[in-house]
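A.B. asks: Chains as they are written, first to last, in the numbering used here: chain A, 1 to 229; chain B, 1001 to 1300.
FYI, nobody ran anything at the bench for these hints, they're computed from the structure.
The C-beta atom is built at its ideal place from N, Cα and C for all residues, glycine as well.
A few of these clues could be false.
Unchecked claim - No farther apart than 30 Å at their CA atoms in a straight line, the calculated lysine-lysine pairs in the DSBU-like style are these:
| no. | chain 1 | residue 1 | chain 2 | residue 2 |
| --- | --- | --- | --- | --- |
| 1 | B | K1224 | B | K1250 |
| 2 | B | K1120 | A | K169 |
| 3 | B | K1068 | B | K1025 |
| 4 | B | K1224 | A | K169 |
| 5 | A | K124 | A | K7 |
| 6 | A | K50 | A | K124 |
| 7 | B | K1248 | B | K1025 |
| 8 | B | K1254 | B | K1224 |
| 9 | B | K1264 | B | K1250 |
| 10 | A | K124 | B | K1120 |
| 11 | B | K1117 | B | K1025 |
| 12 | B | K1117 | B | K1224 |
| 13 | A | K124 | B | K1025 |
| 14 | A | K69 | A | K124 |
| 15 | B | K1117 | A | K169 |
| 16 | A | K55 | A | K7 |
| 17 | B | K1068 | B | K1003 |
| 18 | A | K55 | A | K124 |
| 19 | B | K1264 | B | K1248 |
| 20 | B | K1224 | B | K1025 |
| 21 | A | K7 | B | K1224 |
| 22 | A | K8 | B | K1117 |
| 23 | A | K50 | A | K69 |
| 24 | A | K8 | B | K1264 |
| 25 | B | K1264 | B | K1120 |
| 26 | B | K1025 | B | K1120 |
| 27 | B | K1120 | A | K7 |
Stated by the list, open to error - A few chain B residues facing chain A, derived, Cβ under 8 Å:
| no. | residue |
| --- | --- |
| 28 | D1126 |
| 29 | F1166 |
| 30 | L1172 |
| 31 | Q1188 |
| 32 | D1192 |
Next come the chains, spelled out residue by residue.
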Amino acid sequence: MIVAEQKKLDEILRMVAPYERVLILGCGTCVTVCGAGGEHEVSYLHNALKVAQRKSGNGTHALSEYTLKRQCDPEFLDMLAGRVEDVDAVLSLACGIGVQAVSERFRQLPVLPGVNTSFMGMPKEWGIWDERCAACGDCRLAETGGICPITRCTKGILNGPCAGTKSGKCEASREMDCAWVQIYQRLEGLRQLDSMRRYYPPRNFRVIPRPRRIVAKSTAGGNDGQVAA
Amino acid sequence: MAKSLLEEKLYSQEFLVTTEIGPAKGADISEMVHHIDLLKDRVDAINITDHQSSVMRFPSIGGCLLVKERGGEPILQVTCRDRNRLALQADLLFAHSRGVHNVLCLTGDSIDVGDHKEAKPVFDMDSVQLLRLARTLESGTDFAGNQLKGSPQFCLGSTVHPEADFIEPQLLKFDKKVAAGAQFFQTQGVFDLPALRRFMQYASQFNVKILAGIIVMASARMAKYMNENVPGITVPQAVIDELATAEKGKGLQKGVEVAARMMKTIREEGLCHGVHVMAVGNERVVPDILEAAGLACVRA
Ligand code: SF4
Ligand code: SF4
C-alpha cells in the first residue's frame, strides 16, 4: 500500500488561504488504512480548520467534505462532478496520484495536496509503517531471500553489506536493521547463499523512463511485461 | 611493467607503510600541503580521502595531484556516494591522465552520517561494481561497451573489515572484490590480533596484499565517540581502558604508543603485508608512530 502523512495544519492553512470555498476530499483506499486521508481524517481536519479559522478571526472559508472510494481511478471521479461546481479549490487527502487524477479531471480547479506521500510499505504494528518497495521495475526478490535491498539498504547496494554494519544494524541509523545482514541470514536458512555470491551489475535505470506507462495486453495486443517508453 | 610505484612495491617482499590525509575543509590547503611534505618520504603511499564520513571537503583527486607535485605516491579514493557511472569513469580517466594510477574503490559512507544530510545519495554503483568498472576501462571499452580511444591503467585496492561482528557476509563481499580485480586491501582499523590472524588465514588463499588499518586515537573519549559515530569502527573496551590511563594532556601520546605496538607486532609476526596508518586529524604524529614502531626510514 501507499503510505502518506498528513501535512501540518499551518501548511494546510497557508495553502487554502486564497480560496473561499474548499472541498476537503478524502480517499477510501491506502490513505484510509494508514490514517492520513480517509473519511475519519477528513472530518477531523474539517473541524481543525474551522477551529483555527475561528481562533484567527480572519477566515471565512466555506468548507465541505467528501470521501471518494478511490481518487486515482477515473471511474470514481465521475461521482465528484456535482460536488465541485461550487468550490474554489479541492484539498485532496489522497496520495500524489489521487491529487493529480482529480486535477487532470477538473482542469479549472486548483487541487491542493493535504498529505505528503511517503512510500510503499506495510504496517509493522499499529501506527508504524515500514517502506518495502521502491517500484524499481526489475524485481530481484527471488535472489535476495524476499528482502528488498533497494529500499531496505540505505545505499541500495547489490553485492552485499558495506563495512558500516554493526550488531545487525545499519550505519545510517541504529534503529534500522542492516538489509544485507538480513538477506545473508535468510539466504543461509534457505540454503541459497550462492545467489549472494554471484556478481550483480549496477541497476538498469533505463527501465524507468519517466513517467512510466504500462500498456495491458488486451489494449495493446502484446504486453510482454515490459514497460512501454 | 608495474602500473605504479606502489604496485611495484606490492609485489616485492617489502613491508609497506601507507597513510592517509584528510583534505582541507576550504580553499586554504596549506596545512594539507604541510602534511604531505611531512609524510611523503616516510611512507610508501598516501591516500587522500574522498569526503570521508560524508563530510564535504577538498577533492581526493586535488589532493593526489598535490602529492604528486610534492614528489609523493598518491592513492586516489573513489566512492560511489556522489557520482554516477559517467562521472566515475570520467574521474578515473582524468586520474590516469595525470599519473594517478593507485585507486581505492569504495562504496562510500551513508549521507546520513555526514554534514550534508539532505543531499541526494547517488550510489549508482557499489565498490565491487566500481572495481569492475575500472578494469573495464583498462580493457579498452567504457562501462557501456563503447570503444575507448586510449585505455587507462590502474593499481586497484579496496577495504575489508576483519573485525566485523558478523564476519561471514563481509568475507563473501571480500571474495567478490578480489574477483572484481582488487590487488590490495587496506583494512578497517584493527585492534584484535586473534581476529586479524583468523582473517589473514582466510585471505592467504588469494593473491592479494593486505595492509592492516591502524587508527591512532587521541583519547578514550575519541575512541568512544568513534564507536558510536564512525561507520565500520569498533574500538574494544580494553583499548579504551588503556587510553584512559593516560595522564592529562598525554592522551595522544598514549594513542601513539598503542598504535605503534600494534604495528610492531604485525610486522614481527609477518601477519600482513604492511600497515595503513589512519591518524584522523593528527597526521603530524605519524612520523612519531613510525619511529616508535621501528618503521622509520626514507622510502621514496
Ligand atoms: S527489488 Fe525491491 S524495489 Fe524493486 S520491485 Fe522488488 S521489492 Fe520493489
Ligand atoms: S549497513 Fe547494511 S543496510 Fe546500511 S548501508 Fe550498509 S549494507 Fe546497507
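A.B. asks: Taking the hints in turn, state whether each one holds.
C.D. replies: Hints versus structure:
no., hint, verdict
1, B:K1224 to B:K1250, "holds, 17 Å"
2, B:K1120 to A:K169, "holds, 22 Å"
3, B:K1068 to B:K1025, "holds, 20 Å"
4, B:K1224 to A:K169, "holds, 18 Å"
5, A:K124 to A:K7, "holds, 22 Å"
6, A:K50 to A:K124, "violated, 34 Å"
7, B:K1248 to B:K1025, "holds, 29 Å"
8, B:K1254 to B:K1224, "holds, 15 Å"
9, B:K1264 to B:K1250, "holds, 21 Å"
10, A:K124 to B:K1120, "holds, 27 Å"
11, B:K1117 to B:K1025, "holds, 17 Å"
12, B:K1117 to B:K1224, "holds, 23 Å"
13, A:K124 to B:K1025, "violated, 42 Å"
14, A:K69 to A:K124, "holds, 25 Å"
15, B:K1117 to A:K169, "holds, 19 Å"
16, A:K55 to A:K7, "holds, 20 Å"
17, B:K1068 to B:K1003, "holds, 15 Å"
18, A:K55 to A:K124, "violated, 38 Å"
19, B:K1264 to B:K1248, "holds, 26 Å"
20, B:K1224 to B:K1025, "holds, 24 Å"
21, A:K7 to B:K1224, "violated, 39 Å"
22, A:K8 to B:K1117, "holds, 22 Å"
23, A:K50 to A:K69, "holds, 25 Å"
24, A:K8 to B:K1264, "violated, 60 Å"
25, B:K1264 to B:K1120, "violated, 42 Å"
26, B:K1025 to B:K1120, "holds, 20 Å"
27, B:K1120 to A:K7, "holds, 23 Å"
28, D1126, "holds, 4 Å"
29, F1166, "holds, 6 Å"
30, L1172, "holds, 6 Å"
31, Q1188, "holds, 6 Å"
32, D1192, "violated, 15 Å"
Going down the numbered hints, you'll see the structure goes against 6, 13, 18, 21, 24, 25 and 32, while the others check out.
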